[in-house]
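Peer 1: Okay, so the sequence shown: first residue is 1 according to full-length UniProt numbering, each after it adds one.
Because the hints were derived from the structure by calculation, they are not lab data.
Treat the hints with care, as some may be off.
Quick list of the computed label-pair ranges, beta carbon to beta carbon [claimed, not checked]:
1) E59 with S198: 28 to 34 Å
2) D55 with S198: 45 to 51 Å
3) I74 with G188: 40 to 46 Å
4) K191 with G107: 49 to 55 Å
5) H117 with K147: 34 to 40 Å
Note that the Cβ used here is the ideal one computed from N, Cα and C, for glycine as well.
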Amino acid sequence: MKSVIVCSGGPVEEVVDFRQLPFSKEETVFIGADRGALHLLTNGITPNEIIGDFDSLLEEEYQFLRKSVKKMTIMPPEKDETDTHLAILRALTYNPDSVILTAVTGGRLDHYEAVLHDMVRFQREYPEIVFYIRNKQNIIRFLLPGKHEIEHDNYFKYVSFFSFGETVEDISLRGFLYEVTEENILIGNAKFTSNQVSGRNGTISITAGICLMIRSSD
Numbered sequence: 001m002k003s004v005i006v007c008s009g010g011p012v013e014e015v016v017d018f019r020q021l022p023f024s025k026e027e028t029v030f031i032g033a034d035r036g037a038l039h040l041l042t043n044g045i046t047p048n049e050i051i052g053d054f055d056s057l058l059e060e061e062y063q064f065l066r067k068s069v070k071k072m073t074i075m076p077p078e079k080d081e082t083d084t085h086l087a088i089l090r091a092l093t094y095n096p097d098s099v100i101l102t103a104v105t106g107g108r109l110d111h112y113e114a115v116l117h118d119m120v121r122f123q124r125e126y127p128e129i130v131f132y133i134r135n136k137q138n139i140i141r142f143l144l145p146g147k148h149e150i151e152h153d154n155y156f157k158y159v160s161f162f163s164f165g166e167t168v169e170d171i172s173l174r175g176f177l178y179e180v181t182e183e184n185i186l187i188g189n190a191k192f193t194s195n196q197v198s199g200r201n202g203t204i205s206i207t208a209g210i211c212l213m214i215r216s217s218d
């Protein structure tokens, strides 16, 4: 399985613990979006490439990146896309099975909201790729209509489901502590919060809508 990790320039506390990821650094492509390139280097990871306007970096930080990374794409500060969006586009060129975004939570909420909408767009356009947001305490992904298997995870044991922009129709949960059959998740409904996979695996099926799934730890 080929994965691409996009590290953005959010708070350093929001960077995933790379030791939690179920694959080795050698099997993974790393892309730094703007200051996210420094986050990767601080964690001992040299990005395969970096992209951004880098206008928030000090001169010594900018020069450090130029010396440390072979492939650097410099964008103008005034542009229609965020640096994270551009980094996701670069990630897609590697034909990955999954794209993991980190350092996008916390900090500026407008950037976080933009990332969520980017994820929905790309998940719809590339249903064969799984897009995630990860930090040290949470995993976020969007589920399209169909049936999805949810693995048991002792660390990220809490599983919550929300509608995103439209009603999620006919949700059925099997193998969960709280099972449901063909219910709807309306916008503003928090009923499906803090469930848990009760066995080795659980399943969720929906017939329409976009379901936001969050896996969390204490």
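Peer 1: Taking the hints in turn, state whether each one holds.
Peer 2: Results for each hint:
1. E59 with S198: 28 to 34 Å: violated (55 Å)
2. D55 with S198: 45 to 51 Å: holds (49 Å)
3. I74 with G188: 40 to 46 Å: Since I74 and G188 have Cβ atoms about 42 Å apart, the given range 40 to 46 Å holds.
4. K191 with G107: 49 to 55 Å: violated (30 Å)
5. H117 with K147: 34 to 40 Å: violated (25 Å)
Against the hints set out earlier in the document, violations occur for numbers 1, 4 and 5.
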